[in-house]
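**Q** Protein chains in written order, with full-length UniProt numbering: chain A, 1 to 391; chain B, 1 to 391.
No wet-lab data here; the hints were simulated from the structure.
Mixed in with the good hints there might be a few duds.
No copy labels: a pair is met if it fits in one copy or bridges any two.
Claimed, not checked - Each computed SDA-like pair below joins lysine to any residue, with the alpha-carbon atoms no more than 20 Å apart:
1. Lys343 - Leu246
2. Lys343 - Ala216
3. Lys343 - Asp207
Protein chains: 2
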Amino acid sequence: MGPGPVDADPRVLRAMSASLVGQYDPAMTAYMTETMALYREVFVTQNEQTFLVDGTSRAGIEAALVSLVEPGDRVLVPVFGRFGHLLTEIAERCGAEVHTIEVPWGEVFTPEQVEEAVARVRPKVLAVVQGDTATTMCQPLADLGEICARHDVLLYCDATASVGGNELRADDWRLDVVTAGLQKCLGGPSGSAPITLSERAVAVIDDRRHVEAGIATDTDVARGVRIASNYFDLAMVMDYWGERRLNHHTEATSMLYGARECARLLVAEGMDAAIERHRLHGAAMLAGVRGLGLEVFGDVTHKMNNVVAVHIPAGIDGDGARAAMLTDYGIEIGTSFGPLHGKVWRIGTMGYNARRDAVMVTLAALEQVLRSGGADVTAGGGVGAAAEVYS
Amino acid sequence: MGPGPVDADPRVLRAMSASLVGQYDPAMTAYMTETMALYREVFVTQNEQTFLVDGTSRAGIEAALVSLVEPGDRVLVPVFGRFGHLLTEIAERCGAEVHTIEVPWGEVFTPEQVEEAVARVRPKVLAVVQGDTATTMCQPLADLGEICARHDVLLYCDATASVGGNELRADDWRLDVVTAGLQKCLGGPSGSAPITLSERAVAVIDDRRHVEAGIATDTDVARGVRIASNYFDLAMVMDYWGERRLNHHTEATSMLYGARECARLLVAEGMDAAIERHRLHGAAMLAGVRGLGLEVFGDVTHKMNNVVAVHIPAGIDGDGARAAMLTDYGIEIGTSFGPLHGKVWRIGTMGYNARRDAVMVTLAALEQVLRSGGADVTAGGGVGAAAEVYS
């Protein structure tokens, strides 16, 4: 019940134990094509180029940025938590001239703040996190795409922690590139990074196409500044997932089975229903921790559905209480980073763990652990408040 | 029965369906530490820094090269097949000044050829493939480490296709960095890249250490030229696997379970026994294809144990025969790349498929497919020759 990774859906784990098939077996290429279609529904997009990067969510971020950004390009990162710093760090390693704007942890940006910075910096790429588990905040994106389109800026969004549990509409919001991971609201294990790219983003990457020696044909003329990574060269990865099926990496078959099952379950549930499920269980957990007398961190109106941060009560040993939750009750809750380190716990309700029994048992256990630590808690206050939300 | 990826051992797939645990759960960090110890046995090394890169085997190659190589460094690649070209391509993207030497496909280099080039180029890194499935050749490495040590050159080896099925002794042969994948002789799915680094390689990477902003402490002084990738920054990956457990990527838990099981099974069998198993079944397949009247490609004295390339007989439609093997008999055999494209098939005997029944049924089916295609084959000639090897 931490901020992720969380328990995977048993159906996803079962899917991952299926027998392998060859890289170019018609069954395998059909699975790849199905996976592309399923993730179009997850990202609410018509983007043809919707596929998986073979690595953790951070691999998806790096693939997006290294493929879009040439050395010297300006990148603007609105930082409202730890993962904005990560985007900054990765963009810098791509050779970008990175500009940042910041709000205090626990807040998000207004469209006006972002537009002012876009107009001033004139970046090639605006790189923004949707949901930052470090602060629990969910940055509204609906207006940013229009701002970026007007200023001819590419909009990249890291939706690792948010997609599936919070609304995300890639086409409607004009997001050029979105990346994700399986280990949060998608209910799978870390290790595969779904990605979607708009035609505008694809055109930018196509202008840097250098097909690998030994595979290129006479019509493959290298152009533009070569992408600094082979593994993350999305032009080549698109050729592998696309009709040409040009050999690149050896697709991680078991992870593909898992990623496909994550999306299949979400699409079967319905994306809106999945988001509503996360809203419900997130609201129950929020009410529950308040019912235990805990103070919630940050601007709750912009809190992600799937995680809440609570101040560690005075007098309670934060790490000791987390250890007691894990050792005595088998429930993991999260510590925190940076300015919040040692000050808050983070409790998730996402993916397979966005369930009533998971919320209730976590609150019941937390009440006991707080009481053992000497906190003044109302007996039944947590589960009672959550039950009220459910009723 | 292709050159990989091949069927995974069912025990590996079962291990991958185990429930997830949290990233810093004591059970998870214990699994990570166990996995490091198991891969030390696989690579026959005492190297402390032996762990997994979260991606396919190509991710391991890129992590090794981008972490070792600074822009402008000289890298020497002896090219004897497709994967030498891949090392060249990746090293170029790292900004290296790449020098190559080549032998015709189907041959390997002598130590003298390599030493002459090392003395002439004076590279920082010699990057060499051990086994190249494109040609089936296995480059002898025993002498190269001593040559590199004498010339103060770092020796990187891509052992993806060879380790587990052919002798590899990282310490005895003074290999500074070795990377692998699971999908060949290790009997698992693609998606995790085991790596081992000598103290000399670690020192080079430590001199480029830049701990991520937001995680660095006052004692973490950035030094050297920053590694161009965040995801593949082995200094940070080592801090994640090491005692500091500094947050980097979110470890791909299911892939780690799989990688751990691959190594556990190999170590339980004994590395020497596993190599002998690959030798035996490779010898049976070699005898079998010859028994079918097929001509073997390349210098057989340097053939890898786990794959054989055979010339497609005149008059046989190579792709049609492969399709018949898959459709009628459920057996995949491989096509080929580059100068061998359309000229040879590649047949593997590796990992879980290094088994007597897999060899025999492949030869039985291939006899039928060759006969259907109009080739002149001796009835029973393939399985008979293989059976003689087994008896």
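**Q** Look at each hint and say if it fits the structure.
**A** So, going through the hints one by one against the coordinates:
Taking identical chains as interchangeable, the C-alpha atoms of Lys343 and Leu246 lie at most 20 Å apart only when they sit on different chains, with a minimum of 19 Å there against 50 Å within one chain. For a Cα distance limit of 20 Å, the shortest separation of Lys343 from Ala216 across copies, 19 Å, qualifies, whereas the shortest one inside one copy, 55 Å, does not. In the homo-oligomer, the alpha carbons of Lys343 and Asp207 never lie at most 20 Å apart, since the shortest distance is 47 Å inside one protomer and 34 Å across protomers.
Violated hint for the displayed structure: number 3, the only one.
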